[in-house]
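Participant: For the protein sequence lines, the chains are R and S, in the order given. For reference, each letter of the first sequence is one residue, going 7 to 134 in this note's numbering. For reference, each letter of the second sequence is one residue, going 901 to 1419 in this note's numbering.
Read the hints as simulated data drawn from the structure, not as lab findings. One thing to keep in mind: the hints can contain errors.
Stated by the list, open to error - Derived pair list, reagent style SDA-like, types lysine to any residue, alpha-carbon separation capped at 25 Å: (1) S:K1384 with R:I82; (2) S:K1384 with R:R84; (3) S:K1405 with R:T108; (4) S:K988 with S:Q942; (5) S:K1405 with R:W56; (6) S:K988 with S:E1140; (7) S:K1405 with R:E36; (8) S:K995 with R:A72; (9) S:K995 with R:W56; (10) R:K44 with S:N1399; (11) S:K1125 with S:H1301; (12) S:K995 with S:T982; (13) S:K995 with R:Q49; (14) S:K1405 with R:G107; (15) S:K1209 with S:N1227; (16) S:K1384 with R:R83; (17) S:K995 with R:R47; (18) S:K1405 with R:S51.
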Amino acid sequence: MKKCLVLFICLFSSSLVQAHHSFSAEFDIEQPIALTGKVTRMQWSNPHGWIYIDVENEDGFVTNWALETSAANNLIRRGWRRDDLPEGTTISVEGFRARNGTATANIRGITLEDGRRLFSGNADELRN
Amino acid sequence: MRIHYFIIQGLALLTLATQAIAQDIPRTESGKPFFQGLWQAQTRAAYNLEGHAARHDMPAGHSVVEGRSIPYLPEALAARNTNYANRKALDPLSKCYLPGPTRIMAMPWPFQIFQTDEHVAITFEWTQVYRLIYAAGQEPYYPGFEHFMGDSRGHWEGDTFVVEIRDLNDRTWLDAAGNFFANSTVITERYTMEDADTILYQATFEDPSLYSQPWSMSFPLIRQKNMPRLLEFQCQAEVEEANGDFERVDNLWYPAPIPSDNVPFSYSGEEDPALPEVPASISRQEYGVPDISGYFMADHGGANYGLEKRENLAMFPPARGVVINPNNRVLPYQKWAREEMVERREAWRGYDDPTAHCFVAGIPRSHYVPSPFFILQPPGYVVILHERMSYRVIPLDGREHLPNHIRLWMGDAVGHWENDSLIVESSNYNGKAWLNELGDVISHAQTVRESYTPVSDSQIIYRATVSDPIVYYRPWTIEMALNKQDEELLEVACLEDNNDLQHLKDVRDEHRASLGQEN
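Chain R with its partners taken away, still in its complex shape:
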């Protein structure tokens, strides 16, 4: 699969192809968010996968964020596997926060510490 050339395409290919609910009903485009934290768990599931990360704020307070990804079926068809994001990995994400104010976001991109991006393109891009 060709690498995503335009961020917009990546956004909607990653998150909405198997959408089962209205994105705008759950997440607020007026609340973009960027987070960096350590992976505590990945829920490899449909209709969406979920990544949980611990994010520490300036006061040292840690919040566990739930980050909604594309469906597991989408990820697997693009070559991704459950083991590709081990517990403890530090990742940075961009996305939009849930309207209900919980520590939940729909994410549109994952960046590893070395700058590589995850889950927005083909798995071979990372493994090569």
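Could you slot chain S onto chain R? The hints should help.
Facilitator: Frame of chain R; chain S shown alone:
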């Protein structure tokens, strides 16, 4: 000596009798036993595989396990006993989760088997679950990817169809009594037709981490002779309707009347463009009709975010516009219904979309939800298996529709071939579906005429003409290409991991609270 002679003679007669019975079963053209038909297990195994006395929540039953008891290792036996003691709270089926491949065979709900040389599909009335068994040596595309219903690969051993199930997850039970397996368990099923109306179903479980030895169970499947078709039981939808989490829509659900101030519905208007030509070179089934079987994905153009052409709208992606009739490509809404569609774009209405609850998508949305689907062409039927765990059974025998009062999420479809296009007429909808996430509206009064026209061996042109005199003032037609791909269906277990619904409910509840309304 004399006794010995009679035993030998008796065995010979028994063998002849068995052969006579075996020859009396229906068979495919290639000589395999033909399992196709409506069936239901005759057993109490869904309550407890082992023999058990009656309880308040289960009738008594004899053991279906060879040797009477499952040979659990001590730790596993303790886990089973804990499951049993807490079964009301812990049974995954009480939450309407996918039941697993062997439990659903034993449940007191009918199912239908469809058979081709390459596949056996089993469609279950319970929550539109299906199993697709690959029967011609196909290797799995995604080995190691766990499913609630497992990955099933079948082969023939004489007249017995043998199915090996792997890649199971450990989130289902074997029965309501807490008997269980693990994601390391391998199940081997054996389907043997004892006579034309009885299949002996056997399943063997192997897992050294749970059991001291492999063990087997068996029970008969009985042909349902007087059942014209499967109906529907949507487990979670029924629960949520009963407890108020999914609210009735009086003006759209059956039996809503046509509003008295509607613009009168008229069939006059532009004609659909002619269907495309089917090339003479198209591949065909043995019985002559075009071969439209296989894995397909719609070139849906964002139809799940709007049937009309629309640029990016806030957070809805753009929609290409799939309406081809009327010519202006605008849906012929009644004024009140368009207002309803516009309101559904509001965040607080997202909770009302049935697919957000993991309910089935209805017709025509199941084609562009967007999710792939698999078309089978067994004798007498076209069967469409949607990856989001729903299906359509389309009989080709010219039968009449169901009685008017029987209403279904997926409607009642009958089909026929016309100039190499599959034509499907459907009715008896319940009006609970939405046409997409944007909120395009449909009611129980919808009738749909669909055409599947193969224009090459890798593409079908799909059309759906919808007539709904409650929501629209004339029929309209959408069109999109369905592209065949070299792929396999995966499983979408939806409500089992649906973390979104509570968020959507929070947004809806907050809105209602702001208006001073109760939730």
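Participant: Holds or violated: S:K995 and S:T982, Cα atoms, limit 25 Å.
Facilitator: Status holds; Cα separation ~18 Å.
Participant: Given the hint that S:K995 pairs with R:W56, does the C-alpha gap stay at or below 25 Å?
Facilitator: The given pair, whose Cα atoms are some 21 Å apart, holds under the 25 Å limit.
Participant: S:K995 and R:R47 were given as a pair; does the straight-line alpha-carbon distance stay at or below 25 Å?
Facilitator: With Cα atoms ~24 Å apart, S:K995 and R:R47 stay inside 25 Å; holds.
Participant: Hey, S:K1384 versus R:R84, does the alpha-carbon distance stay inside 25 Å?
Facilitator: Answer holds: S:K1384 to R:R84 is near 18 Å, not above 25 Å.
Participant: Tell me if the straight-line CA distance from S:K1405 to R:E36 falls inside 25 Å.
Facilitator: The hint holds at about 20 Å.
Participant: Run the distance test for S:K1209 versus S:N1227: straight-line Cα separation, threshold 25 Å.
Facilitator: Holds: S:K1209 and S:N1227 sit about 13 Å apart, inside 25 Å.
Participant: Within 25 Å, alpha carbon to alpha carbon, are S:K995 and R:A72?
Facilitator: holds (23 Å)
Participant: For the pair we were handed, S:K1384 and R:R83, check the Cα-Cα distance against 25 Å.
Facilitator: Holds - the C-alpha atoms of R:R83 and S:K1384 are around 16 Å apart, at most 25 Å.
Participant: Does S:K1405 pair with R:W56 here, judged by a C-alpha cut-off of 25 Å?
Facilitator: The hint holds at about 19 Å.
Participant: Could you grab the alpha-carbon distance between S:K1125 and S:H1301 and see if it respects the 25 Å cut-off?
Facilitator: holds (19 Å)
Participant: Can you confirm whether the C-alpha distance between S:K1405 and R:T108 stays at or below 25 Å?
Facilitator: Distance of about 13 Å is within 25 Å: holds.
Participant: Would the pair S:K1384 and R:I82 pass a check requiring their Cα atoms to be no farther apart than 25 Å?
Facilitator: This hinted pair holds, its Cα atoms lying about 19 Å apart.
In summary, this structure violates none of the numbered hints.
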